[in-house]
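Asker: Sequence:
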Amino acid sequence: MPDAPGSPVAAAPPRTARRATSLVFGVHAGLFAAWTPHIPLVKERLGVGDGMLGLLLLGAPVGALLAILVAGPMIARWGSRPMMMVTALGYGGVSFLLGIADSGVALFLALMVWGAFQSALDVAMNAQAVLVERHYDRPVMSSFHGFWSLGGFVGAGVGALAVGANVGLTVQMLVLGAVLIAVVFGVNRVLLGGDHVGEADAHAKVRTRDVLRDGRLLALGALMFAALLCEGAAADWAAIYLRDWLDTSASFAGAGYSVFAVAMFVGRGLGDRWVARHGPRMVVGGLSVLAAVVFSVGLAVAQPWAALLGFAALGLGVACAVPVVFSSSAELPERHPAQSIAAVSAIAWPGFLLGPTVIGGLSEVVTLPFALILLPVLCAAIGLGARLVLRPR
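Residue 134 in UniProt numbering sits at position 134 of the sequence shown; the count goes up by one each step and never skips.
If you are wondering where the hints come from, they were derived from the structure by calculation, not from laboratory data. Virtual Cβ for every residue (Gly too), placed ideally from N, Cα, C. Please note that a few of the clues may not be correct.
[Claimed, not checked] Lysine to aspartate or glutamate pairs mimicking DMTMM-like chemistry, simulated, CA-CA at most 25 Å apart:
(1) K43 x E364
(2) K43 x D102
(3) K43 x E331
(4) K43 x D244
[Stated by the list, open to error] Simulated DEER-style distance windows between Cβ atoms:
(5) T367 x V297: 13 to 21 Å
(6) V365 x V190: 26 to 34 Å
(7) D244 x A165: 20 to 28 Å
Build out the structure end to end from the sequences listed, making use of the hints.
Answerer: Laid out in structure tokens, this is it:
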């Protein structure tokens, strides 16, 4: 059943709902990140090269884009709280398919279904986060995404430990998928309701094809696309770069995404304070330029320690881009927040999942280290785009 529209705003900040939503952000990221240390092993098992692996990983953005196109209207009609349960059930329930995929086609299809539920849950939980933030008199969106980064760090660590202990991907994803479902269903009763508009208004206000003609949302989506492409590339290629090009062990290679996630968590933990003090333009632009410089130096040095430093700088550099864009898009007038979030997600979320494909394709033309140069270039573009798109305060 949908939540009752027009629910009154609580007199005090809904701290319980904020904690519950933060927990969902964490387990959402943890399930995804736990898969990343297994990618080199899946590559070996299927006997594919970097370019083919990149094409297979394209299954996730295909599914994500298809799901996002309908997620906004569904959340606007029924509310973010019930939709979080539905999408979590699918996201956690199909995750084991990644482990049983025994061919390239099977992996592509498994990633497509998984990516669809993953992105739909992402839209639903961000719509809930916007609803929570509106009960506060200060920015809090970065804190939610900080828990996403923390979950990514923990999940990558769990995945690396599973690889080291020879725990199969199927078993790992069955367990972690069940954990995610249990968490989302367990906290659902304390989440906020009242953010749906009903069937008639949903049809009138959340048509994605109309939203995508809005230049404001297109610009915000493009900014987030660049940030998520960097994030997706780091998730899927950090381990391969460290292991195959810098000759590290498989367990050490898993640290590449871990340091990225930790740095992103730190940036997002401090992001709300930075944005309130300096404004979104200064924070997003300044951090992205810093990442462009440090990551470029790390690639030039081509040592394991320099690579870890570069991935840490990259995580800090793109830390605040996504929460700032979500908050900025939800503030636009004449749009349901779920509509705006779904619109920028439709533009940007494929970047997170296209990152592996783009880097893989470039690595076939040049080499993986040269392909990774795209990431600091994108960070520099984010720095420029922040000045053009985001408000100074």
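Asker: Work down the list of hints and note, for each, if the structure agrees.
Answerer: Now for the hints, and whether the structure bears them out:
no., hint, verdict
1, K43 x E364, "holds, 15 Å"
2, K43 x D102, "holds, 11 Å"
3, K43 x E331, "violated, 43 Å"
4, K43 x D244, "holds, 12 Å"
5, T367 x V297: 13 to 21 Å, "holds, 18 Å"
6, V365 x V190: 26 to 34 Å, "violated, 51 Å"
7, D244 x A165: 20 to 28 Å, "holds, 22 Å"
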